[in-house]
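Using the hints provided, position chain B relative to the given structure of chain A.
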Amino acid sequence: MNVTELRKIANRIRRRDLRAVFEAGAGHIGGEMSVIDILTALYFHVLNVDPAAPLAPNRDRLVLSKGHTACALYVTLAERGFIPQEEISTFLKPRSRLNGHPNCTKVPGVETNTGPLGHGLPVGVGMAVAAGLSRASWRTFVITGDGELQEGSNWEAIMAAAQFKLDSLTLVVDHNRLQQGARVADTNNLAPLAVKLESFGWAVEEIDGHDMEQICKALSPGVATTGKPKCVIAHTNKGHGISFMSDDVAWHHKVPSREQYERAMVELEVARAEIEEAA
Amino acid sequence: MELSVRSTELHDCRDAFTETLMAIASENPDVIAVCNDSVGSSKLGAFRERWPERLVNVGIAEQNLVGVGAGLANGGKLPFVCAAACFLTGRALEQIKADVAYSDANVKLCGISSGVAYGELGPTHHSAEDFAWIRAIPNIAVVAPADRIETSAATEWSASFEGPVFLRISRVGVPDLFSEGHTFELGKADMLRDGSDLTIIANGTLTHRAISAAELLARRGVSARVLNLATVRPIDEDRIIAAALDTGAIVTCEEHTIFGGLGSAVAEVVVDHAPVPMKRLGIPGSFAPTGSASFLLDEFGMSPAGIAQSAMELLARKA
Numbered sequence: 015m016n017v018t019e020l021r022k023i024a025n026r027i028r029r030r031d032l033r034a035v036f037e038a039g040a041g042h043i044g045g046e047m048s049v050i051d052i053l054t055a056l057y058f059h060v061l062n063v064d065p066a067a068p069l070a071p072n073r074d075r076l077v078l079s080k081g082h083t084a085c086a087l088y089v090t091l092a093e094r095g096f097i098p099q100e101e102i103s104t105f106l107k108p109r110s111r112l113n114g115h116p117n118c119t120k121v122p123g124v125e126t127n128t129g130p131l132g133h134g135l136p137v138g139v140g141m142a143v144a145a146g147l148s149r150a151s152w153r154t155f156v157i158t159g160d161g162e163l164q165e166g167s168n169w170e171a172i173m174a175a176a177q178f179k180l181d182s183l184t185l186v187v188d189h190n191r192l193q194q195g196a197r198v199a200d201t202n203n204l205a206p207l208a209v210k211l212e213s214f215g216w217a218v219e220e221i222d223g224h225d226m227e228q229i230c231k232a233l234s235p236g237v238a239t240t241g242k243p244k245c246v247i248a249h250t251n252k253g254h255g256i257s258f259m260s261d262d263v264a265w266h267h268k269v270p271s272r273e274q275y276e277r278a279m280v281e282l283e284v285a286r287a288e289i290e291e292a293a
Numbered sequence: 075m076e077l078s079v080r081s082t083e084l085h086d087c088r089d090a091f092t093e094t095l096m097a098i099a100s101e102n103p104d105v106i107a108v109c110n111d112s113v114g115s116s117k118l119g120a121f122r123e124r125w126p127e128r129l130v131n132v133g134i135a136e137q138n139l140v141g142v143g144a145g146l147a148n149g150g151k152l153p154f155v156c157a158a159a160c161f162l163t164g165r166a167l168e169q170i171k172a173d174v175a176y177s178d179a180n181v182k183l184c185g186i187s188s189g190v191a192y193g194e195l196g197p198t199h200h201s202a203e204d205f206a207w208i209r210a211i212p213n214i215a216v217v218a219p220a221d222r223i224e225t226s227a228a229t230e231w232s233a234s235f236e237g238p239v240f241l242r243i244s245r246v247g248v249p250d251l252f253s254e255g256h257t258f259e260l261g262k263a264d265m266l267r268d269g270s271d272l273t274i275i276a277n278g279t280l281t282h283r284a285i286s287a288a289e290l291l292a293r294r295g296v297s298a299r300v301l302n303l304a305t306v307r308p309i310d311e312d313r314i315i316a317a318a319l320d321t322g323a324i325v326t327c328e329e330h331t332i333f334g335g336l337g338s339a340v341a342e343v344v345v346d347h348a349p350v351p352m353k354r355l356g357i358p359g360s361f362a363p364t365g366s367a368s369f370l371l372d373e374f375g376m377s378p379a380g381i382a383q384s385a386m387e388l389l390a391r392k393a
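Protein chains in written order, with my numbering: chain A, 15 to 293; chain B, 75 to 393.
So here's chain B without its partners, still in its complex pose:
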């Protein structure tokens, strides 16, 4: 299968998230949206209008937000706890650990506007650490969809999955990649494009950039495989090991610090099972300068040309 960017039109994945959430909620009266004054930023306006009682807004209080989510789950509800990813994870990390993951509460944590989506608002509002933080906690799935179709599929999946989930949803517009009807499978990486010289692994807003980078590389005679690693935990070891063995080099791209995120997770698998040269692209361990999300991703070497450049440098290191 060779998947390319289907159109240049960009879509805000939050719309797909809330549309799907409402579809699920209309079937299942136990679905509750929980938010921290984030009705607008989580795009829950239509949900509130339709089911005012089922929109639990705790105000600006994230510790209570997550605790209330756990309590709702205990009381037989299916809570989708929605908040800006930076506050949801940073402010309420201990609640995520103790009340949700350790207690095995059936809570869906929806980190909205993740990564550097808030751009110019700066590092206080960037959620560049959430993969690392959540991934370090046992018993919670970490999922970052790449387009509106995968967002919808992952949201639908999360409602049927019994257990804690962290769903990372960006507001940065992304083109359609998957076809309608795509189903999400936990822990399964999608090979979007096959290749033999190296593999680019990405998720979220970086996947379409990875595909464009592979297209640039193809023009230079380099065959790049592209894996969409929507599930950071549990990780698809088989597809990563196969990529290492088949292509011999891996570039990772993420809207996250390079410490502890997707790149680290891939490196852990590679180093244990099939060591090959790697390059981890992401936020390089510094607070981001002022700039839009798009500017920042380019700035950190993750424009399609930037990713292709890193790939060429990595190829030079390949034995």
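Chain A on its own, in the form it takes in the complex:
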């Protein structure tokens, strides 16, 4: 799929996500806006997945380790045909399968249950080991937040992935520089992240996590370094695409008022018009 189409889809997902969070009165909108371009590139350009056969043995695996941004995943899965579009309106409603964190036993397309941080990468390592043992060619992708990398379990998995030479594994760090309460740098700084991962034996690439061309290039097959797991550090903005949310720690899980919602929607509509005009 071409980059313009992907941008259109990402814009549509942002608008649906914003509406879902506004209507549900809860969500993690900041981290959702930061990860949506990555999710869009994966589901519409990179991943070999089939909504008609969500458990096909040779599918690519994606684990959204930052499970609190589940709404963005649900909207993306709906857009890709894994769940009905109209189901998004049930997000967080009593007995909806669209919980605040994704549940693989209920939602097709979800691979493992996430929510507590630092769980996705170890599971991703196991998936990549399984692919290797089966001599299968499917790939495993894990998306973590940046603050999430403060969890020690990630570093257990980072060491193991290098030890096992898991070159079918790609970690995408949604590096929006903010965690729930403050800047990552002011809390428990990860810098220099690329240097750390390289020293742990990973191939590292840094990209603009909102540049669709760069995301697609970094995640497409054939660019992996043989024998090394790959980390794509995607530099993003929390709340990206909505000016008054962007890079503001207050928008971790704040819910927009009606006025803010309408302003945000206008901004996203303008962005849509710009994408279409440029096409």
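Bear in mind the hints are in silico, worked out from the structure with no lab data behind them. Check before you lean on any hint, since a few could be wrong.
[To be verified] Pairwise CB distance ranges, derived in the manner of DEER restraints: (1) B:308 - A:293: 55 to 63 Å; (2) B:212 - A:166: 22 to 30 Å; (3) A:213 - B:360: 44 to 52 Å; (4) A:210 - B:194: 36 to 44 Å; (5) B:254 - A:111: 15 to 23 Å; (6) A:40 - B:254: 56 to 64 Å; (7) A:119 - B:123: 32 to 40 Å.
Note that CB positions come from ideal geometry on N, CA and C, so glycine has one too.
Quick look at chain B alone, frame taken from chain A:
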């Protein structure tokens, strides 16, 4: 059926576990052993020698250990995640909850050297809380076999069962109780000995002690039923209710704290359906003093004579 301790020879159930695991693995190429540097303590040396690729050793990293197990299951493998029970459950409890049980991953968690098996190494290495912790999590079977034959049967069963299992395997030598060919049935307690005055319920390394206690009681004219409750979850409500109604008193014995384990699980059933006097034997809510596993079990009143003594005291309370 009256089952007694078949010989005084003691066996390490880990041997039966790994022998069975290897038998299953030779039939099913998807079987993977996952461990945390515990090749020796989980007795996986022969497995590694035969299938080096299928032994995934993540090093000393239990959170990753369990996560990797869940990922392997997602990738179509049948992982047996083996580690000292204390670290497997204590260190990786959230992974057991979220990645395995809640995600319904087909992972077999094998808690090796459970209970006070590590004896003198002390409470850091005792796994005296695992029944309580795992039992509190939905969607995971909790199984503690009593001898090498049941260990083998339960291991074989776990490979054919689709879903999360916690298998508790001791290193403390136990005599043979079951006959060769015994099959394991999830959620089914075995009546090893019938009796009418009271029931002793135990599992794991305590079952043979319970049988010996029943023999001591018989000499004193007391007829004790013995149930082997290998499955702590899902629990055999019918056999427990029948024991309460038929015998009117229950003693439980476990290599675990008396808070939240087998005794608590039995008491929950009894209190809901057929209240009778009970005595829960186990580790009494304190960190164990220095001593071997055998010393500690005796110290906590679970020598055959100690169990018989508690049974006599309980009988006195019976209406």
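Query raised in the report: Which hints, by number, does the structure contradict?
Result: Per hint list: single violation, 5.
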